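Engineer: Work out the full structure, taking the sequences as your base and the hints as a guide.
Residue numbers (our numbering), protein chains in the order written: chain D, 19 to 280; chain U, 362 to 672.
These aren't lab readings, by the way, just hints derived from the structure by calculation. As the structure is a prediction and not an experimental result, all values here were calculated from the model. A few of these clues could be false.
[To be verified] Straight line, CA to CA, 35 Å or less: simulated DSBU-like cross-link-like pairs of lysine-lysine:
hint	chain 1	residue 1	chain 2	residue 2
1	D	Lys-167	U	Lys-388
2	U	Lys-666	D	Lys-144
3	D	Lys-144	U	Lys-572
4	U	Lys-487	D	Lys-128
5	D	Lys-128	D	Lys-152
6	D	Lys-167	U	Lys-487
7	D	Lys-58	U	Lys-487
8	U	Lys-442	D	Lys-155
9	D	Lys-128	U	Lys-666
10	U	Lys-572	D	Lys-152
11	D	Lys-223	D	Lys-128
12	U	Lys-572	D	Lys-128
13	U	Lys-388	D	Lys-223
14	U	Lys-666	D	Lys-152
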Amino acid sequence: MLETILQTTPLHPKVEAANLNFYYGNTHALKNINLILPDKQITALIGPSGCGKTTLLRCFNRMHDLYSGNRYEGEIILDGSVNILSRRLDPIEVRMRVGMVFQRPNPFPKSIFENVAYGLRVRGEKNRTTIADKVEKALRDAALWDEVKDRLQDMAFNLSGGQQQRLCIARALATDPELILFDEPTSALDPIATANVEDLMTQLKQQVTILIVTHSMQQAARLSDYTAFMYLGELVEHDRTEVIFNDPLNKQTRDYISGRFG
Amino acid sequence: MARSLPSLAASVQQSQRRRSVRQIQEKVIESILFLAAFSCVAVTIAIMVILGVESFGLFQQVSIGEFLTGIEWAPLFEPPKYGVLPLITGTLTTTLVALSVAIPLGTTIALFLSEFASATVREWTKPILELLAGIPTVVYGYFALLFITPLLQALLPDLGGFNMLSAGMVMGIMITPLISSISEDALRSVPAELREGSYATGATRLQTAYKVVFPAALSGVSSSYILGISRAVGETMIVAIAAGLQPTLTFNPLDSAATMTAYIVQVSLGDLPHGTTGYQTIFAVGLTLVLITLVFNIIGHFLSKRYRERY
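Structural biologist: Quick look at the structure:
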């Protein structure tokens, strides 16, 4: 199935997970996952709660390394060369190239400007003009610039929920990541803010590869180019989004899509 | 129907009775809770009233201006001098020395325990720190006088046997566990999402700790500092034993000087007759001490409101 996708699409695979297994202590949470994220495309992960979508997402920037007892097996190859999961690779190196946006907006207790500048400062960028330019570009790309340009020194908490989430997207964009992971980015937002964030993601795919976990099948259908359906830690089916939603091969996928379970 | 009607009336009556019993129970419990809360307030008010009344006796003979601005404190000598400033400088100097030890040390320990230490290290370190907080202050006092002072004298040969540096440093060690444990609680209650957000941008542990977690916990951390200040201002035994009992107007930590608390303990151990001016000075100094602590608590309240946690 994967082979056929690759044959029918001339797209360059940006990230490729091969035989990926993941364990929380003794719990085998991800079972033999093979997944290709095509370059500058949006891939959506769908599936019922507890199926391992978020667990899989967090493998791509080694977020699981923060907690002890977690173990990866297999590999995730970035750009055909770097194995993200290699023990010799510092997870910080991975996170320098892979950005992430969380379920709930999590701005830092800093000004709007400093929130976006954070990744640059962490990378040791000192030049004020460079920082100011990149912050402005990131805010423009995140469709937030016009709303905040006059109050960049305000605390980020004073923004609305939707603005905070776009700020978090700007924070991820400021460091020019190659892949951005979105973990249910609109689940804490109202419909209008959700629409804004979705528009933004569609814009962003011109510059960056996107992997998004979502609970909303409509969102997956609206946004993504590819959809992967997960169930009980396994990747059940992965194909172009219109195929998954119109003519899935697998019965479980069809049942989930048609709302028969989950 | 005929049978059910009276039984309905009876059950209504019964439930009303049950309700009134419940209401009485509620009232009783409510008043017990109120008394418990009130007793605290009442004790505080009583202390303030006694301090105020006794001080008032002193201020009929000594003007408040003289008390607050006089630079000599010798209420038991002839002629008596009632300037409280030397006691205040003594208190402030020992407090400053203590804070310059306790704030960096306590904050570092808190950051280490909450952001870097493994669960095992934390389990071992916390009880040891709590042990440090449980040592009687009189032990700390002799530790300062008989161990730290000789050690410091090896470095500073001119240092006297009683000095505020040694007392302040040991006082700093004493309040370190207070600062570290409250700060650690504040740091650990910063939500994981915020930490993960920082790590996700490629930050290291250290960057995450001091650029994101620490600022997010600033309200809790600063209130631990304020509590530390109040503790240092009110500390008695260590300064009475190791800093000396001679009121001296100086900010030099190498000097010996009495603090407000040391004066109170020194004089109240003697046999001053009730109602004399000397006796009343204890209360006036005590009142000053309470007011200073109150000011710090108010500052702390505003600080924690200003930097209240918003994640």
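Engineer: Run every hint past the structure and note whether it holds.
Structural biologist: Status of the hints after comparison with the structure:
1. D:Lys-167 / U:Lys-388: With Cα atoms ~58 Å apart, Lys-167 (chain D) and Lys-388 (chain U) exceed 35 Å; violated.
2. U:Lys-666 / D:Lys-144: Measuring from Cα to Cα gives roughly 33 Å; hence the hint holds.
3. D:Lys-144 / U:Lys-572: The hint holds at about 16 Å.
4. U:Lys-487 / D:Lys-128: holds, 31 Å
5. D:Lys-128 / D:Lys-152: Given that 35 Å is the threshold and the Cα spacing comes to 17 Å, the pair holds.
6. D:Lys-167 / U:Lys-487: violated, 47 Å
7. D:Lys-58 / U:Lys-487: Violated. Lys-58 (chain D) to Lys-487 (chain U) sits at ~50 Å, over the 35 Å cutoff.
8. U:Lys-442 / D:Lys-155: violated, 70 Å
9. D:Lys-128 / U:Lys-666: Holds: Lys-128 (chain D) and Lys-666 (chain U) sit about 17 Å apart, inside 35 Å.
10. U:Lys-572 / D:Lys-152: holds, 20 Å
11. D:Lys-223 / D:Lys-128: holds, 28 Å
12. U:Lys-572 / D:Lys-128: Holds: Lys-572 (chain U) and Lys-128 (chain D) sit about 9 Å apart, inside 35 Å.
13. U:Lys-388 / D:Lys-223: violated, 65 Å
14. U:Lys-666 / D:Lys-152: Holds: Lys-666 (chain U) and Lys-152 (chain D) sit about 34 Å apart, inside 35 Å.
The structure does not agree with the numbered hints 1, 6, 7, 8, 13 stated previously, though it agrees with the rest.
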